[in-house]
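Asks: Sequence:
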Amino acid sequence: MKMTKKKLLGHLKELDLDAEQRAAVVCAIVGHSRIINICLGQVTCSRCDEILGDTLAGVYDIKDKVIVGHNCNDCKMNYAQLTWRDKLYTPDPFAEEKNENQENSKSA
Numbered sequence: 001m002k003m004t005k006k007k008l009l010g011h012l013k014e015l016d017l018d019a020e021q022r023a024a025v026v027c028a029i030v031g032h033s034r035i036i037n038i039c040l041g042q043v044t045c046s047r048c049d050e051i052l053g054d055t056l057a058g059v060y061d062i063k064d065k066v067i068v069g070h071n072c073n074d075c076k077m078n079y080a081q082l083t084w085r086d087k088l089y090t091p092d093p094f095a096e097e098k099n100e101n102q103e104n105s106k107s108a
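Numbering follows this note's numbering, with no gaps: position 65 of the sequence shown is 65.
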């Protein structure tokens, strides 16, 4: 049986899950998102934060991934290839992060 977005959302609605539990359930059912975070070479799923691999040791290929915080052409092209299975309950990888110094200077 193929899981559709509509079916998945219906099942999730029936459950009483917090955001962390919901993310883990979605990843267990449809797989980890190809939208990822990288910190010191460690690759994590942007939806559930599970460790997926390590780029420093060369054991995780990020060719088809979208890195949160990257705004490069490769990430943009990869994002265009993603489906709802990758985008559901993930952060916008291209969202502008607010600089704390900018906010402080605006309030002064």
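Bear in mind the hints are in silico, worked out from the structure with no lab data behind them.
Be a bit skeptical, because a hint or two may be false.
As the list claims (entries may be wrong) - As a list, the in silico DSS-like pairs of lysine-lysine whose alpha-carbon atoms are at most 27 angstroms apart:
{"#": "1", "residue 1": "13", "residue 2": "87"}
{"#": "2", "residue 1": "7", "residue 2": "63"}
{"#": "3", "residue 1": "5", "residue 2": "76"}
{"#": "4", "residue 1": "76", "residue 2": "63"}
{"#": "5", "residue 1": "2", "residue 2": "87"}
{"#": "6", "residue 1": "5", "residue 2": "87"}
{"#": "7", "residue 1": "13", "residue 2": "2"}
{"#": "8", "residue 1": "76", "residue 2": "87"}
{"#": "9", "residue 1": "7", "residue 2": "87"}
{"#": "10", "residue 1": "63", "residue 2": "87"}
{"#": "11", "residue 1": "13", "residue 2": "63"}
Asks: Each hint needs a verdict: does it hold in this structure or not?
Replies: Hints and how they fare:
With a C-alpha separation of about 18 angstroms, the suggested pairing of residue 13 with residue 87 holds against the 27 angstroms cut-off. Restraint check for residue 7 and residue 63: not satisfied, since their Cα atoms lie roughly 30 angstroms apart, outside the 27 angstroms limit. A threshold of 27 angstroms between alpha carbons decides the hint, and for residue 5 with residue 76 the separation of about 23 angstroms falls inside it, so the pair holds. For the suggested pair residue 76 and residue 63, the alpha carbons sit about 12 angstroms apart, so the restraint of at most 27 angstroms is met.
Between the alpha carbons of residue 2 and residue 87 the distance comes to roughly 18 angstroms, so the proposed pair stays at or under 27 angstroms and holds. With a C-alpha separation of about 11 angstroms, the suggested pair residue 5 and residue 87 falls inside the 27 angstroms cut-off, and the hint holds. At most 27 angstroms may separate the alpha-carbon atoms for a hinted pair to count; residue 13 and residue 2 meet this at roughly 18 angstroms. Taking the CA atoms of residue 76 and residue 87, the gap is about 13 angstroms. The hint holds against a cut of 27 angstroms.
For the suggested pair residue 7 and residue 87, the alpha carbons sit about 16 angstroms apart, so the restraint of at most 27 angstroms is met. For the hint pairing residue 63 with residue 87, the CA-to-CA distance comes to about 17 angstroms; that is within 27 angstroms, so the pair holds. With a C-alpha separation of about 34 angstroms, the suggested pairing of residue 13 with residue 63 is violated against the 27 angstroms cut-off.
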